[in-house]
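2 protein chains.
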Amino acid sequence: MAEEVKLLDFWPSMFGMRVRIALAQKGVAYEYIEEDLRNKSPLLLQMNPIHKKIPVLIHNGKPICESSIIVQYIDEVWNDKAPLLPSHPYDRAQARFWVDFIDKKIWATKGEEHEAGKKEMIEILKQLEQVLGEKDYFGGESMGIIDIALIGFYSWFYTYETIGKFSIEAECPKIISWGKRCLQNESVAKSLPDSRKIYDFVVQVQKAMGII
Amino acid sequence: MAEEVKLLDFWPSMFGMRVRIALAQKGVAYEYIEEDLRNKSPLLLQMNPIHKKIPVLIHNGKPICESSIIVQYIDEVWNDKAPLLPSHPYDRAQARFWVDFIDKKIWATKGEEHEAGKKEMIEILKQLEQVLGEKDYFGGESMGIIDIALIGFYSWFYTYETIGKFSIEAECPKIISWGKRCLQNESVAKSLPDSRKIYDFVVQVQKAMGII
Numbered sequence: 001m002a003e004e005v006k007l008l009d010f011w012p013s014m015f016g017m018r019v020r021i022a023l024a025q026k027g028v029a030y031e032y033i034e035e036d037l038r039n040k041s042p043l044l045l046q047m048n049p050i051h052k053k054i055p056v057l058i059h060n061g062k063p064i065c066e067s068s069i070i071v072q073y074i075d076e077v078w079n080d081k082a083p084l085l086p087s088h089p090y091d092r093a094q095a096r097f098w099v100d101f102i103d104k105k106i107w108a109t110k111g112e113e114h115e116a117g118k119k120e121m122i123e124i125l126k127q128l129e130q131v132l133g134e135k136d137y138f139g140g141e142s143m144g145i146i147d148i149a150l151i152g153f154y155s156w157f158y159t160y161e162t163i164g165k166f167s168i169e170a171e172c173p174k175i176i177s178w179g180k181r182c183l184q185n186e187s188v189a190k191s192l193p194d195s196r197k198i199y200d201f202v203v204q205v206q207k208a209m210g211i212i
Numbered sequence: 001m002a003e004e005v006k007l008l009d010f011w012p013s014m015f016g017m018r019v020r021i022a023l024a025q026k027g028v029a030y031e032y033i034e035e036d037l038r039n040k041s042p043l044l045l046q047m048n049p050i051h052k053k054i055p056v057l058i059h060n061g062k063p064i065c066e067s068s069i070i071v072q073y074i075d076e077v078w079n080d081k082a083p084l085l086p087s088h089p090y091d092r093a094q095a096r097f098w099v100d101f102i103d104k105k106i107w108a109t110k111g112e113e114h115e116a117g118k119k120e121m122i123e124i125l126k127q128l129e130q131v132l133g134e135k136d137y138f139g140g141e142s143m144g145i146i147d148i149a150l151i152g153f154y155s156w157f158y159t160y161e162t163i164g165k166f167s168i169e170a171e172c173p174k175i176i177s178w179g180k181r182c183l184q185n186e187s188v189a190k191s192l193p194d195s196r197k198i199y200d201f202v203v204q205v206q207k208a209m210g211i212i
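Residue numbers (full-length UniProt numbering), protein chains in the order written: chain P, 1 to 212; chain U, 1 to 212.
Worth flagging that the hints you see were computed from the coordinates, not collected in a lab. All values derive from a computational prediction rather than experimental measurement. Misleading hints may appear alongside valid ones.
[As the list claims (entries may be wrong)] The calculated DSSO-like cross-link candidates involving lysine-lysine, where the alpha carbons are at most 30 angstroms apart (straight line), are:
no.	chain 1	residue 1	chain 2	residue 2
1	U	40	P	104
2	U	135	U	190
3	U	105	P	53
4	U	119	P	104
Bound-form chain P, shown alone:
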């Protein structure tokens, strides 16, 4: 059966980026469908009626939702190359733990314009630097599910730093080196938007909302 793979996504979404990278790592061809989140398509509402959120992967007509669940699904379906989760159950549990940590903490640090928000973000990144240790990637010698979970966040660093007027590199140089290393992978380079484009988008949204 010919595989039909579609991705409902929104370009600045760090969660959408995860799915794009996972599909690229596996070499899966797919149709990218950009969503207008202010005017969600009937297809999105039909495919994710519970959360009504992107990203949604549609594989042979069936939807899979929630980015970290989608990445695990991709790893299980296209299991002939580029494993994204470790093979040992304990290592898999650890990988899932840190992905969950990133999921929970990313949204807790919305306040990058405030001192407490900046401090919390730096603390989270320092914790992740300890997990990375001396490895090239969280996945070891190649990118794994933790790398994929975090790298979209990295593409927002320029925006956080510019708006919040602080330097992540000064505090967390290892994470910055890691991000640059990830970007040397074609699957990442072609899946992440330009950091400045994200910044311009955020400024535009803030203006439209009357924040600045």
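Start from chain P and add chain U according to the hints.
Here is chain U on its own, set in the frame of chain P:
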């Protein structure tokens, strides 16, 4: 190698109950260690330094944290009987989606004493009734990871109903039938505390906090 399995837990925890049931389903013998959450043990702080929360499974000295991650770990390690996740990747993704839904929604419905909180809880349970459909269990003919994720919540229903003065059964009879069916499994019956004991505990905590 002899397996050494310990569980750091707190008896009314619906998340701890998940791990107890999963271990019981697999027939894994383990040492149960009750934690005093007002005075956490050095072992808990050492084994879960990030979240400092129960449950923690300690398998041959190594900790696994976060209940739904622990249940998946148990399923992967003791994979010779009682599969907790479906075998097909799509069904696995769906199971993970609903466990995630339960995780996110359970904590959103803290306000069971208020009308909005009750209404939201009923809505969530009605959505889950649709997922259950005409099946005996969410897992089909036997209990799976969604059943395990939800049944601890069911043991709190009596408390919610008594404090909130409403009837879940009147609105969601299928979920109540499902809960009773689950309790006929020995693995559930021996892992869940008496609903009235949970109620007494909550009343005692509310009195200590000066709420009632």
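Hint by hint, here is what the structure shows:
Among the hinted pairs, residue 40 of chain U with residue 104 of chain P is consistent with the structure: their alpha-carbon atoms are about 23 angstroms apart, no more than 30 angstroms. For the suggested pair residue 135 of chain U and residue 190 of chain U, the alpha carbons sit about 24 angstroms apart, so the restraint of at most 30 angstroms is met. Note on residue 105 of chain U and residue 53 of chain P: the hinted pairing holds, with a Cα-Cα distance of about 16 angstroms set against a maximum of 30 angstroms. With a C-alpha separation of about 26 angstroms, the suggested pairing of residue 119 of chain U with residue 104 of chain P holds against the 30 angstroms cut-off.
Going through the hint list in order, the structure satisfies each hint without exception.
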